[in-house]
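Protein chains: 2
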Amino acid sequence: MAENDTKQSLVLGLLDPSPQPNQKNDPTRRRYRRCRSAPLANLVHLEKNVGGALPYSEPTYAKLHPSSTQVTLFLAVYLCVGTLCFFLVKHQIKGKKTNGILDAVYFCVVTMTTVGYGDLVPNSVPSKLLACAFVFTGMALCGLILIKAADYLVEKQEILLVKVLHVHKKIGPTDILKEIEANKVKYKFLMTLALLLVLIIVGTIFLATVEKLDLVDAFYCVCSTITTLGYGDKSFSTEAGRVFAIFWIVTSTICVALFFLYLAELNTESRQRSLVKWILTRRMTIVDFEAADLDDDGVVSADEFIIYKLKEMGKISQEDISLVMDEFKNLDIDQSGTLSASDITLGQSSQTGS
Amino acid sequence: MAENDTKQSLVLGLLDPSPQPNQKNDPTRRRYRRCRSAPLANLVHLEKNVGGALPYSEPTYAKLHPSSTQVTLFLAVYLCVGTLCFFLVKHQIKGKKTNGILDAVYFCVVTMTTVGYGDLVPNSVPSKLLACAFVFTGMALCGLILIKAADYLVEKQEILLVKVLHVHKKIGPTDILKEIEANKVKYKFLMTLALLLVLIIVGTIFLATVEKLDLVDAFYCVCSTITTLGYGDKSFSTEAGRVFAIFWIVTSTICVALFFLYLAELNTESRQRSLVKWILTRRMTIVDFEAADLDDDGVVSADEFIIYKLKEMGKISQEDISLVMDEFKNLDIDQSGTLSASDITLGQSSQTGS
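In the order they appear, the protein sequences are chains A and B. Just so you know, the UniProt record's numbering puts 214 at position 214 of the first sequence, and the rest follows in order with no gaps. Just so you know, the UniProt record's numbering puts 139 at position 139 of the second sequence, and the rest follows in order with no gaps.
Rather than coming from a laboratory, the hints here were simulated on the basis of the structure. Any given hint could be a false lead.
Copies of the same chain are indistinguishable here, so a pair counts whether it falls within one copy or spans any two.
[Unchecked claim] Lysine to aspartate or glutamate pairs mimicking DMTMM-like chemistry, simulated, CA-CA at most 25 Å apart:
| id | residue 1 | residue 2 |
| --- | --- | --- |
| 1 | 148 | 239 |
| 2 | 90 | 217 |
| 3 | 329 | 296 |
| 4 | 212 | 296 |
| 5 | 97 | 327 |
| 6 | 178 | 265 |
| 7 | 90 | 175 |
| 8 | 315 | 326 |
| 9 | 212 | 343 |
| 10 | 277 | 343 |
| 11 | 90 | 343 |
| 12 | 184 | 319 |
| 13 | 90 | 211 |
| 14 | 148 | 334 |
| 15 | 277 | 239 |
In this text, all values refer to a predicted model and were calculated from it rather than measured experimentally.
Working from the sequences, and respecting the hints, build out all of it.
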């Protein structure tokens, strides 16, 4: 029964955010800490407190993406090399021309984003092959910028958006952060939508005033550009227009891509939620029960249940578990089947010794 | 010590694929089954054996994606409505024309894929607004086709590719499946690359023979099309060319998108692997140990270690665990802190009764 009490408390402890220090020394009702929701993040904090050296300073997942410095560098190199190349072959490019360098940058951006108006087109074998090379590398680069934009750009403006959306309610900074955390994808989507609308309006007004298009044509050119359609019957033909285009095209095409990305994510999230709900509320049969009972002791503990259901949801795989278990066996120096403080100490002394 | 033996065996049991039935009734060395690597898939098999009714017939993750019937239906509706609309406004579209219906389908495909050559352009307010509407919906539709293509198209050809790549070795069907499973993303990438090369060659030959372009121009037009750049100085201007274009443009643009998708996935996978390795081999400190020890009993069990490390890897979140624990508490009818056969029976009888 003491064992059962312990397990029951573990179950509750996992859900209970507040530790109960007054029960610490009661043998039948020990204190259970809430499993940390962001173990590494907390760890960083804890290690700082104990004065430990940190091998990293960013959240772990940041390792999965290229750094923004790298992406900026790639973009700068791409634009410099592209501008230089297309400037050198400028007599092999036909179409509406303004300033030599400006046209080269503009052509480079129009090619990189795959807008491809066709107001400037390569007209010789070398320039055509150059354009082919630049469009493929440009697509890859746009993909990198997109990943980076998904990480940054949006989150910085989210707090503002939540404030605007909840202007009728008085909410504090903590509530804003909670609200954002709970509906992360929704706010990213709304933020991208807002940014997209601003870019569409700015683009339309610019084309109407500077490029002297009528409103429908300006809007049509905006749509044709941001979707990378680029029919090319309407495009940026003045010097001022092309300077604006260089910045506006990159921002708006990335923004449209983000818009569709978050739309898909919103959809996946809602499907994922109903899948999780279905798996959780599915009637548990004896077959499930036997499959979940890993150690065949006739009962399914909380830990076994968590691992079983998370595998059923497809969140974790047998491979993940095997990898972790290999490491567990390495760490379990005294072969007791559990890790104790002595294993850690033994491990540290052997590491220091070696 | 009996407790420790049990846990140790559990640890090994998780990794040991072969059950040991002869030890079943030995109280100190019970039989431990390997945790199933695909619980639902095995479940389907088991439930069939015991004659249970199945509420589903596809793998669970299929629920996360639209069905191929839905995508085909959307594409058919899009092309029919698009063709009808652009056929009705055909006198408001200027450019190189061939056959009325054919041009409408061709314009629809060129717009949907955002190639936008500009060889046919809308020339009135209604046709321009129509094009704007069709390019946005077309982009969303291409996204859906992309998801579907990522699910299907490629996997069907993978076995062939593995055979070709291992032609010097004699390998059986089981080895092929194993090889594919281990390097899933790599084979998907190679498969897409092979398909892409075929599409580029076919497109270049077609443009050179039917549209009478010289080889460089044909290749340049192919690159300009498959990347959705579509400058439009070279495009499909004959009837035969436009019929070919309708099918070839959709396939090749999706294929290029898949190529970049798998390239990114390959890169993410290798970064993910090094991240997992880093987390697993990171020196375990006392702080980690305390964080992993959920029930504060001074030892970290195998289950606790798995949950802790998977959270550190970002594979699972506190929210996932909380959701599963809520369900665990619901199922634990006798409040013992573990699920036993009696809980299942009680649950079933109460469900049948209600």
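Results of checking the hints against the structure:
Taking CA atoms no more than 25 Å apart as the test, residue 148 paired with residue 239 passes in neither setting, with 30 Å inside one copy and 43 Å between copies. Within a single copy, residue 90 and residue 217 get their C-alpha atoms only as close as 29 Å, which misses the 25 Å cut-off; across copies the closest is 19 Å, which meets it. In the homo-oligomer, the alpha carbons of residue 329 and residue 296 lie at most 25 Å apart both inside one protomer (21 Å) and across protomers (20 Å), since each shortest distance falls under that limit. For the homomeric pair residue 212 and residue 296, neither the shortest alpha-carbon distance inside one copy (78 Å) nor that between copies (72 Å) is at most 25 Å.
Proximity of residue 97 and residue 327 under a CA criterion of 25 Å is satisfied in neither setting, with 64 Å inside one chain copy and 67 Å between copies. For the identical chains of this complex, residue 178 and residue 265 are intra-copy neighbours only, at 20 Å inside a copy versus 31 Å across copies, given an alpha-carbon limit of 25 Å. Taking identical chains as interchangeable, the C-alpha atoms of residue 90 and residue 175 are never at most 25 Å apart, the minima being 56 Å within one chain and 55 Å between chains. Taking CA atoms no more than 25 Å apart as the test, residue 315 paired with residue 326 passes in both settings, with 20 Å inside one copy and 18 Å between copies.
In this homomeric assembly, residue 212 and residue 343 never come within 25 Å of each other (Cα to Cα): the closest approach is 76 Å inside a single copy and 75 Å across copies. For the identical chains of this complex, residue 277 and residue 343 are inter-copy neighbours only, at 20 Å across copies versus 39 Å inside a copy, given an alpha-carbon limit of 25 Å. For the identical chains of this complex, residue 90 and residue 343 are neighbours neither inside a copy (70 Å) nor across copies (79 Å), given an alpha-carbon limit of 25 Å. In this assembly of identical chains, the alpha carbons of residue 184 and residue 319 lie at most 25 Å apart only when taken from different copies (14 Å versus 29 Å within one copy).
Proximity of residue 90 to residue 211 under the C-alpha cut-off of 25 Å is restricted to the intra-copy arrangement: shortest distance 23 Å within a copy versus 28 Å between copies. For the homomeric pair residue 148 and residue 334, neither the shortest alpha-carbon distance inside one copy (46 Å) nor that between copies (51 Å) is at most 25 Å. In this homomeric assembly, residue 277 and residue 239 never come within 25 Å of each other (Cα to Cα): the closest approach is 57 Å inside a single copy and 53 Å across copies.
Of the numbered hints stated above, those contradicted by the structure are hints 1, 4, 5, 7, 9, 11, 14, 15, listed in ascending order.
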